[in-house]
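K.L.:
Line order of the protein sequences matches chains A and B.
Under our numbering, the first residue of the first sequence carries the number -8, and numbering increases by one thereafter.
Under our numbering, the first residue of the second sequence carries the number 273, and numbering increases by one thereafter.
These are calculated hints, taken from the structure and not from any lab test.
There is no bait here: all hints are sound.
Below, computed lysine to any residue pairings styled on SDA-like, alpha-carbon distance capped at 20 Å:
| id | chain 1 | residue 1 | chain 2 | residue 2 |
| --- | --- | --- | --- | --- |
| 1 | A | K33 | B | M317 |
| 2 | B | K327 | B | E294 |
| 3 | B | K292 | B | G325 |
| 4 | B | K327 | A | G89 |
| 5 | A | K13 | A | H(-2) |
| 6 | B | K314 | A | S0 |
| 7 | B | K314 | A | N(-6) |
| 8 | B | K314 | A | E(-4) |
| 9 | B | K314 | A | L37 |
| 10 | A | K97 | A | H67 |
| 11 | A | K13 | B | K314 |
| 12 | B | K292 | B | S326 |
| 13 | A | K33 | B | S281 |
| 14 | A | K97 | B | Q310 |
| 15 | A | K33 | B | V275 |
| 16 | A | K28 | B | K313 |
| 17 | B | K313 | A | R34 |
| 18 | A | K33 | B | V283 |
| 19 | A | K28 | A | I104 |
| 20 | A | K33 | B | H279 |
| 21 | B | K327 | B | D337 |
| 22 | A | K97 | B | E376 |
| 23 | A | K97 | A | G(-8) |
| 24 | B | K336 | B | E359 |
| 25 | B | K314 | B | Q332 |
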Amino acid sequence: GENVEQHPSTLSVQEGDSAVIKCTYSDSASNYFPWYKQELGKRPQLIIDIRSNVGEKKDQRIAVTLNKTAKHFSLHITETQPEDSAVYFCAASRLNSGNTPLVFGKGTRLSVIA
Amino acid sequence: GAVVSQHPSRVICKSGTSVKIECRSLDFQATTMFWYRQFPKKSLMLMATSNEGSKATYEQGVEKDKFLINHASLTLSTLTVTSAHPEDSSFYICSARAGANTGELFFGEGSRLTVL
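Based on the provided sequences and hints, a complete structural model is requested.
P.N.:
In structure tokens, the structure reads:
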């Protein structure tokens, strides 16, 4: 089955700096890669996702890149703000193969220091 | 986006008792729901896939007799933790997609179970 590795486990950045979180996956058939943000005690919320037919996607300060050959994908947050502090999870899944679950990485705790 | 609602949000019970957690899709039908478990400061671990009208599919290492899943309708899945023990204390969270190939999983609020 799919295995998703995520690094780093914790990340501290100064407000205004960029943050990068990296993930690798094992199943070459995976074709959907979302990123979720989870604040303390809250449910995970999707912040951005990418499908395997594109290499990069951007939404304001957030971008995701995907390298299918190397089976890794990354989240980039620019101009970080204190409210970006949370735990971020990457995940992978196969779509178009039935309703398959997401397999999550172990998470990255991001702290943005004002 | 689609709404998934989970109840109760918190429950405290004594060892040996059973606890039922409900997961509802409020504005869409979900033939499939996914149940995850999350320990403090840890990741979301898939427990089982709940299928409407059929048996759930459990992940390796998850006891099906311990964690009973029932998906009786297109909008409701329940997880019952039977004969709960302190090690079952955790954050249980359900999720569903609004469509099989839409990608995004919508999560319920989660249920924090504490077994004394």
